[in-house]
Amino acid sequence: MELTLKNTSFSYDPGAKKPVFAVRNVSFTIHEGEFSALIGHTGSGKSTLVQFLNGLLKPTFGEVLFNGENIFDKKYPLKELRQKVGLVFQYPEHQLFEETVLKDICFGPKNMGLPKEERIERARHAMRLVGLSESYEEKSPFELSGGEKRRVAIAGVLAMNPECLILDEPTAGLDPAGRDDILGTVRTLSDTEGIAVVLVSHSMEDVAVYAERLLVMNQGSLLYDDTPRAVFEHYRELEKIGLSAPQVTYIAHALRDKGFLVDEHAMSVPELKAEILRVLGKA
Amino acid sequence: MNIIEILNLVHEYKEYDENETEVETVRAIDDVTLSIEEGSFVTIVGHNGSGKSTLAKHVNALLLPTGGTVLLCGQDTMKTEELWTLRKNAGMVFQNPDNQIIAGIVEEDVAFGPENLGVPTEELERRVEQALERVGMTAFRMNSPNRLSGGQKQRIAIAGMLAMKPKCILMDEPTAMLDPVGRKEVIETVHELNREEGITIVLITHYMEEAVDADRVIVMDGGKLVMDGTPREVFSRVEELKACRMTVPQVTELAHELRKEGVELPEGILTIDEFTEALWKLARAKIPE
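Protein chains in written order, with the numbering used here: chain Z, 1 to 283; chain V, 1001 to 1289.
Next up, chain V with everything else stripped away, as it sits in the complex:
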């Protein structure tokens, strides 16, 4: 079943000069059709201004289409009277952890969303406890969020969403401001949610290594989808990706560069293990027994 259905989506906005006269119309999303299967882990990559964030913001009606249709769990995002169900089904995590935390104590912050949904107290407590447990932050429940690291804050933001029991989590560069371990914490947490709770994840990122373990990678350029496939399929197209201002993980690039020198490694190598294994096989074949 598809949790997200996007049909011929167009999003345009107008630019104005200092006298507030209209200068031009910018087409940020240009006829995108896309379905995302429930329970899948999808990564969207693309250069700055390619339309990825604009696309994601249509899923939970932070933006509405200029043309075309967006359905979340079968519900049209244009039906604004259903907005709260829609936003409950698809939560969003943003780039800056400091802009997403509002309460002075971790557990209160996590409770904020479901409390606003009118969840009764007992149920609320249970949800907060489960959500904190899920992101590995139970030990910090009574702490002040401003003492936490960036990775921990993002996990609190994720817990706040989990407590609303969403079917889908949209993440707009959640790791851009984090140190390497913070990045790893956040990415591992969302993979667990996807695997163990079946929550659909749509992850926008500029770090290609984070796309490697996704079910599917979508590449955007100029408001259009230009590639769509498994990480292996997409990362095999190194030169095309570079033309879209993208890159590939270092290990994939290394294999690609060696191929150019006549080393017969397969394209689309994604992990260090795959790389060393492939190189080892190759070297062994060359040695006469």
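Just chain Z, same shape as in the assembly:
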């Protein structure tokens, strides 16, 4: 699987004398099994890119290619693309509506015209992937906790067997343990199922731990496309554009200023802990 944005731009008023561009000449390719995070301040163009990726919005300029084919060609089956590139919106639990968890998850496969047995088989597989046991099948989605509802919503998209999964702030409003549960599940999907993941997030701590690649948007342009470690080296620039680095990065830099020669690239608590123990001669 390869999903590519090629020189994409977007303007709401392309006919105007001086059109305003929400996205300016952005290019990147998402690969199979890759876990990328898309970060940027409010209004930086993240949502526009997300809508390009599953064909909800057509770029004013540039192309969106799925396995090399232009998805906005007249004959391209966009409906199939939207199954292959699944999108989980913000607060997806607001979109649950069926009487039971199983029925809700079956909704996508049903729309695909799959026979009943296959729908149920897919829904059950999706439930296993997100860690919902069989006992949930007959429950009403509305009696579940916030984190469980979100799992149901993600399972509903997974039941369409997507090759790429885009999640728009899937952890907003969840408690810390709920955040780790959901992101751990998503990480497993990319590791074991080979699903490409694009995570839109405002939490630098989360993307540092879970993502392999960071795409940083600023005012409609792609500012960085690199590993989290490489991107967080630019923590001062990130602050200027409404972002930040994980607190651990700031601790590492503060320690270096005090003369502790820890590796300033540490991004997580265990990494920095190991570094401090090394410097103190305890490791």
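Simulated from the structure, these hints should not be mistaken for laboratory data. Heads up, a few of these hints could be off.
Stated by the list, open to error - In silico contact screen, one side only, chain Z against chain V (beta carbon under 7 Å); selected entries:
#: 1; residue: G178
#: 2; residue: V248
#: 3; residue: Y250
#: 4; residue: I251
#: 5; residue: A254
All of these numbers come straight from a predicted model, not from anything done at the bench. For glycine and all other residues, C-beta sits at the position ideal for the given N, C-alpha and C.
With chain Z fixed as given, assemble chain V onto it according to the hints.
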């Protein structure tokens, strides 16, 4: 003086199945007693479903007790005839900035609350001006709110409340949908209001870093208060917090993890400065002069 007094509060609601037969009674708040001092900054944390929002909604009578009593500025929230005074005294900011803005121009949005209270025009203009100034949004007064960032919208929502001159502001995860700078803007704004105007702040959050500068942190679990203390006291109990599906700021967790390896840092470190300082002292003591 206590601005909020909660005595043996119980809140129950009934769950129904699809045939509208009662299935069970859920106890969302289970015998909570709590007083909040006027002018203090209190943070409430707890996992999803622990009862924090339900508790906050009792303070300005968005919810009424099943049992027990809630007093705001000495006024019982069950006295519904006094509802408007009550809501004027305690404003509420919610999670989603887009659901709280109703007017097409920033200043009109800020004026909406006090206008409904019947504040005369001149006074109204003064209040709107002061409120926008207070949250640092004066430059945007004639703008359309839908062009603003999430952090700016939340500040407009806060200004709308300030214009009603509340004694207390309740905030239910006001930063959950914001980017890091938006989060910082909102949190700094409420700290200023607390410090400079003496407004009592009750902040519900899932971001532990936002609790660090509060006077007091309350942890809820299963509808009960399970911890209550200064940020340092509460965040010293790392393992207990984790058992409640909570976490601590990364710097606190790092210090705690190092202690487990025999590095003698104090518990309850809350800031990067405290951490580096403590580690430096420790390292220096080890070096023979």
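Unsatisfied constraints (hint numbers, rising): Of the numbered hints given earlier, the structure breaks none, since each of them holds.
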